[in-house]
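Required output: the full structure, derived from the provided sequences and hints.
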Amino acid sequence: MCTVCGCGTANLVDAHTHEAVVTGPTGRVHGLLGHDHGHSHSHEHGHSHEHGQEADHHHEPAVTAIDFGKGLAGVSIAGLSQERTISIERDILSKNNAYADANRGRFRDAGVFAMNVLSSPGSGKTSLLVRTILALRDRWSVAVIEGDQQTSNDAERIRQTGAQAVQINTGKGCHLDAHMVGHALEQLSLEPGGLLFIENVGNLVCPAAFDLGEACKVVVLSVTEGEDKPLKYPDMFAAAALMLLNKSDLLPHLDFNIDACLAAALRVNPRLQILTVSARTGEGLGAFYAWIEGRAAATKTPMARLG
Amino acid sequence: MAMHEVSLIENVLGLVEQERAKHAFARVSLIRLKVGALGSADPAALRFCFDAVTAGTIAEGSRLEIEIIPGEGWCADCRHSVPLEERFGACPVCTGGRVRMTGGDVLRLAEMEVE
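If you read the sequences in order, they're chains F and R.
Our numbering numbers the first residue of the first sequence as 1 and each following residue consecutively.
Our numbering numbers the first residue of the second sequence as 1 and each following residue consecutively.
Source of the hints: derived by calculation from the structure; they are not laboratory data.
A few of these clues could be false.
If you want the ones that stay clear, here's a sample from chain F, every Cβ over 10 Å from chain R, calculated [said to hold, decoys possible]:
1. 122
2. 141
3. 253
Label-pair restraints from in silico Cβ distances [what the hints assert, rightly or not]:
4. F:91 with R:26: 21 to 31 Å
5. F:286 with R:67: 44 to 54 Å
6. R:78 with F:85: 33 to 43 Å
7. R:79 with F:137: 46 to 56 Å
8. F:121 with R:68: 24 to 34 Å
9. R:21 with F:254: 34 to 44 Å
10. F:162 with R:44: 42 to 52 Å
11. R:55 with F:250: 40 to 50 Å
12. F:85 with R:97: 41 to 51 Å
13. F:250 with R:67: 39 to 49 Å
14. F:83 with R:93: 43 to 53 Å
15. F:254 with R:97: 26 to 36 Å
16. F:91 with R:55: 22 to 32 Å
17. R:97 with F:273: 30 to 40 Å
Predicted model, so just to flag it, every value in this text is computed and none were measured.
Backbone N, C-alpha and C define an ideal beta-carbon position, used for all residues, glycine too.
Dropping the structure here:
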């Protein structure tokens with residue numbers, strides 16, 4: 001566990017030099033998440049009836065056997081100062097945001113265009129990246145940070161293209177955070193003017209809240225997932241600059257309403273750019289490559305002027 | 001699927017520890033958060049994991065209070081601030097869709113009571 005920041009749930013595969021992160025989740029978190037498994041999103045509203053033994057726990061957090069009778073009446077215990085209120089007013093994500101700013105500074109100094117690629121599991125992120133790297137590798141230096149709960153399968157797929165890849169295993173963690181990415185960057189030699197793809201953990205909810213220092217977020221939605229996903233999971237689509245609607249080759253076999261999907265996405269984020277693509281056939285990917293290259297060239301320009 | 005609210009409470013504890021370096025206290029009895037109605041944190045999930053994440057820390061046994069900060073937007077047609085029920089919601093006054101969210105996605109440790 002990293003004692004600097006308290007992160008204890010990430011496992012940076014290949015990070016032989018940093019023993020702090022080569023550890024699984026703490027027993028505490030493990031037990032908690034084990035309990036949560038399978039219903040974390042179903043209990044969001046009106047959940048008390050679902051977890052009878054948890055009801056007290058939710059609604060009266062202070063009234064446990066240990067603490068009952070403490071509180072104001074107990075402040076005269078010897079050695080304890082009087083109860084007082086400390087005003088803090090700090091952003092809960094301020095620590096992550098500080099790491100994200102540091103990552104962003106590294107990308108800026110290196111002239112690297114970094115993209116945070118987000119989607120639910122199985123939408124085809126890794127296949128999209130493999131195809132994109134093969135198309136761009138002659139003109140751009142490409143590196144990839146792969147986030148998954150377990151296995152380094154995705155990083156191995158990326159390495160087969162010749163690109164550098166570092167795998168982060170988050171254990172029970174449901175998202176990458178900026179601190180994990182900072183450690184992964186130590187394993188990569190970012191080339192000036194290069195591209196970095198950060199493939200986040202497959203999850204349409206949690207990764208949206210964590211800035212990694214990227215220049216922009218790219219959200220991938222596949223046509224097998226349902227056209228109302230942007231309305232059901234708006235945070236991710238609201239935060240993205242580009243949406244790739246993937247697996248377009250399957251459209252003839254599905255009742256997927258593209259217009260409804262695009263309308264839903266634009267309702268959540270009127271500025272969202274959208275490309276319909278197929279990582280399998282390559283359809284529409286030329287526009288994606290052009291989008292990347294246009295953005296990356298703009299990233300590189302200030303450095304060229306400085307240099 | 002795991003909850004990112006676990007990470008958020010861990011981040012709250014990190015801020016609590018930073019406060020402890022500034023103000024000496026022996027235990028935390030109350031933690032008060034401000035959570036935007038349009039933000040990415042679910043208050044029910046924060047409460048759900050709070051006791052487990054704080055167990056064994058200086059905040060073990062503390063109460064969690066969450067103040068929900070309502071969503072707010074600016075309607076480009078009404079030229080007014082309007083309450084917003086959804087991040088991408090229509091204007092409640094003119095029903096137009098040209099509303100830009102201006103508030104309600106806060107996620108903040110507001111204050112705490114310590115002993």
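Quiz item: So which of those numbered hints doesn't the model satisfy?
Solution: The structure breaks hints 9 and 17; every other hint is satisfied.
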